[in-house]
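Novice: Two chains, each in its own frame: build the complex with the hints.
Those protein sequences? They're chains A and B, same order as listed.
Each residue of the first sequence is one higher than the one before, starting from 0 at the first, in numbering that gives the first Met the number 0.
Each residue of the second sequence is one higher than the one before, starting from 0 at the first, in numbering that gives the first Met the number 0.
No wet-lab data here; the hints were simulated from the structure.
Just so you know, not all the hints are guaranteed correct.
[Unchecked claim] Below are the SDA-like pairs computed for lysine to any residue, each with C-alpha atoms no more than 20 Å apart in a straight line:
no., chain 1, residue 1, chain 2, residue 2
1, A, K12, A, F289
2, A, K323, B, I152
3, A, K75, B, I22
4, A, K75, B, H25
5, A, K144, B, I72
6, A, K75, B, S29
7, A, K61, A, S45
8, A, K75, A, K61
9, A, K75, B, P26
10, A, K144, B, N76
11, A, K144, B, I22
12, A, K75, B, I152
13, A, K75, B, N76
14, A, K75, B, Q23
15, A, K323, B, P26
16, A, K144, B, A159
17, A, K75, B, L20
18, A, K144, B, A77
19, A, K144, B, I27
[Unchecked claim] Just a sample of chain B residues kept apart from chain A, beta carbon distances all over 10 Å, derived:
no., residue
20, S29
21, R82
22, Y111
23, S118
24, L139
25, I148
26, V156
No residue lacks a Cβ here, since even glycine has one placed at the ideal position from N, Cα and C.
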Amino acid sequence: MSITTFVTVSVIKIVIAFAVLLSAVAYSVWLERKVVGHIQNRWGPSYVGPFGLLQPLADGLKFIFKEDLTPPHVYKPLYIAAPMLSLICAVTSIAVIPVGNWVDVAGLHIPLQITDLNIGLLVILGITSMGVYGVALAGWSSNNKYSLLGGLRASAQMVSYEISLGLSLIGVLIVSGSFSLRQIVDAQAGHFWGFIPRWNIFHGQEVAFFIYLMSAYAETNRVPFDLPEAETELVAGYHTEYSAMKFAMFFMAEYANMITVGCVATLLFLGGWHGPIFGPPLLQVILPVFWFVLKVFCFMLLYIWVRGTLPRFRYDQLMAFGWKFLFPLAVANLVVTAFIVAVRA
Amino acid sequence: MLHLALFSIFGAICVAGAVNLLIQRHPINSALSLIAVLASLAVEYLLLGAEFVAAVQVIVYAGAIMVLFVFTIMLLNAGEEERTPGSRVAILLGIPGMLVGSILVAWALLRYSGTGSVSVGALPGPPNTIAQLLFHEFLLPFEVTSVLILIAIMGAVVLASREETARPARKEQG
Chain A
0 MSITTFVTVS VIKIVIAFAV LLSAVAYSVW LERKVVGHIQ NRWGPSYVGP FGLLQPLADG
60 LKFIFKEDLT PPHVYKPLYI AAPMLSLICA VTSIAVIPVG NWVDVAGLHI PLQITDLNIG
120 LLVILGITSM GVYGVALAGW SSNNKYSLLG GLRASAQMVS YEISLGLSLI GVLIVSGSFS
180 LRQIVDAQAG HFWGFIPRWN IFHGQEVAFF IYLMSAYAET NRVPFDLPEA ETELVAGYHT
240 EYSAMKFAMF FMAEYANMIT VGCVATLLFL GGWHGPIFGP PLLQVILPVF WFVLKVFCFM
300 LLYIWVRGTL PRFRYDQLMA FGWKFLFPLA VANLVVTAFI VAVRA
Chain B
0 MLHLALFSIF GAICVAGAVN LLIQRHPINS ALSLIAVLAS LAVEYLLLGA EFVAAVQVIV
60 YAGAIMVLFV FTIMLLNAGE EERTPGSRVA ILLGIPGMLV GSILVAWALL RYSGTGSVSV
120 GALPGPPNTI AQLLFHEFLL PFEVTSVLIL IAIMGAVVLA SREETARPAR KEQG
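If we strip away everything but chain B, and leave its shape as in the complex, we get (with noise of 0.2 Å):
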């Protein structure tokens, strides 16, 4: 009855949130607002019996990624979203476009899918369960993926670094 209770209220923090960080005007309280999204997304893994994923939820997208997104914006020092006539019409169309979306998406599920509820704990959540799926069953998957993260960190350096040797050549300074 509390876990229900404790989701309920969860779930509704993080449908707030979100909604929050779409009408926000200043992109430094939409950043804020996506933080709560995803500490409370942390807190329904933990409801769920994930206890490791919902400490890595907090850590890498709550804790490192989200630190990054407030400091580039500190940095450019980003001001308010302009209204213009482009955004009322992509108000007007996108609101009942996205609540068909998402009504067609639910349906679908509840309609296809199984309904069946799974108990707490029935599914991995301990760090060496995890560490056991991970490093044994999906290792090929789990290396292929830092791989990829590998390449991702590799192409930002080269984008990164492409301006420095574009720039003419400073004289030096004697």
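Excised from the complex, chain A in its bound form (with noise of 0.2 Å):
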């Protein structure tokens, strides 16, 4: 492939997958209200367009047109570094997320992915690891109670739980035996006794799946661990000073996190894209992301389905329970899956 078609076509790449990502982004808002609204016997949005649908596009201009203020007792520069740190570092780990198997566009061989890297999944680790600083220099910069104590909160929580997140995933890289994310979807291709898919889930890391579900629930600061954000006592967390624009990247940045965990789990625990193929040949190229796609939706709903049912941990609870329960469930669940590796190799 010459220089000039590799840059055409990752320009194409990635523009569509960062328009998918935002308008995945703005219509989980959507469904996160639609929904949540359902379960408290509400309607939720309803005005805007058929079944409020057009609601995002009405929210995204009510953002851009408020007025931009900015607090006079901030610190400027990291005050205005911060939301966008956070919007950076959560829309850049789809560079490495495939969402499909190879297709053939005019003479080319394409995978659908931006890029393939044999770190794929470090990649992502290491970004959503940059990605506190968003929330803890927000925190810090606003020069208000309420900030500070939410961005201490979500930095500490975010350390604290990703040693969890990072532990879960290991059993994961023992199994598959590598870090590119398109590797660990290609070893879960095919059934167990010709009916159970050989997804990693059905595979011995069921605890790891519940591992990283809760690990996952803390990193992206989602109820029942929404604690940096609590606003009956920290009135909105690290975000109480910023308004309009600035704002909405923070929402953004936790909508657009939410999906990357999707995506994450559904990669390395939920079999990728794999799901029944049949049909004419367009039909197998779409059928694969149609059921990524699926997974990550089910993901998205139940962490909605959680929002709206449960409520809101202490914080000493949140910390005794990532560190005296899902840390050394992690460790072990590491040494089995290692241990069992091992006598089967």
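Specialist: Okay, structure coming up:
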């Protein structure tokens, strides 16, 4: 492939992935409002467009036209940089996420992924670990007690749960034997005894999936671990002093992170784009992408369902749960997985 | 060509970050400059074909350790650096001394080590090669290092808990 074709193909893929991710972010906000509304026996957004489907557009316009306030007491350079950092770190990880098989377009054999790296999973972990700074610096630079407390809580929580998150992924890595997300998914093709899909979640990684799920909720600061923005005690946590588009950037970063977490769960535990594939060639290209999107969608739905049903933890409960329960469990899972793999080899 | 250009750009960012680290007066700005230094070092590793080391550099140093730095600065609410006559003397003596020292080191390295270049990919870079080296050839040093880190952690726990026991026992609140 020549350099010009490579650049053209990459730019097209980046534009498509970015557009899809941002609209997915907008519509997961709509989905969340709608589903939580129905859980609480209300309608949710219903005025703008059919079923309130144009609500995200209206919200976006509102955010853009709102006055962009900068409180006088903030530390300006970091106050402005923090939301950008959050959003950049949240959307960059889409670059290594594969959404489907290879396609043949105009004589080119292209993977449905912006780039396939042999350290793909590590790249995602690296980018998400940099995302902590956005939240921490927002809390600090706002020069406000509530913001600082929210920022401190968020960074402490994200650092603590990152450990069990990472350990839960190592079990999968041992089973698959690769850091490349495409190879991890390829290793999950086929079935056990002809009918159970060979996904990692049915491959002895059930406990790892549970640990991942819990840590992911804490990493993305979602209910039941949304203490950084606990509105009953901290006003809005680290983004108390933010308004208009800067606030929207934090909001988008949160949802983009949820989608990334969903994608990683799908790729590592739920078999990626594997599913029943049939029909004409065009359908065979579309179906894997459809299965991938469906799995991520189910994961998002689970997130929203949990938000609609569970109350918030206390902070000491959160830390105790992370360090005294999840962390030892993750280590135990790692040791058992390594032992079984070593015995089989 | 592109490779060399990128390497020089990130090298320049790295040095600029390091200088900025020293110039900045507020600890949080210095910490952020250090993050920039560590992140651009990771890019340099990547350009040298050591992708695993680059990723670990970002996750461990730029991600985890520096978060703790920033966290501590935020928690202690550390203020701006104070300048005293002593620090002026340190600047006057330190900057020329450091320049002379680094020139000497660079000269010695160029003079006495081989100046031949290594092509990208000649040294171990992919994760599986690194794993082979760590868990086969260098297993003993690797394990000894982990014991060393464990001792450091235990030392930190002992130091942190001593204050608790030295404090007079509080009365139980009925």
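Novice: Tell me the numbers of any earlier hints that the structure contravenes, in ascending order.
Specialist: Violated hints (numbers, rising): 8, 11, 12, 15, 16; every other hint is consistent with the structure.
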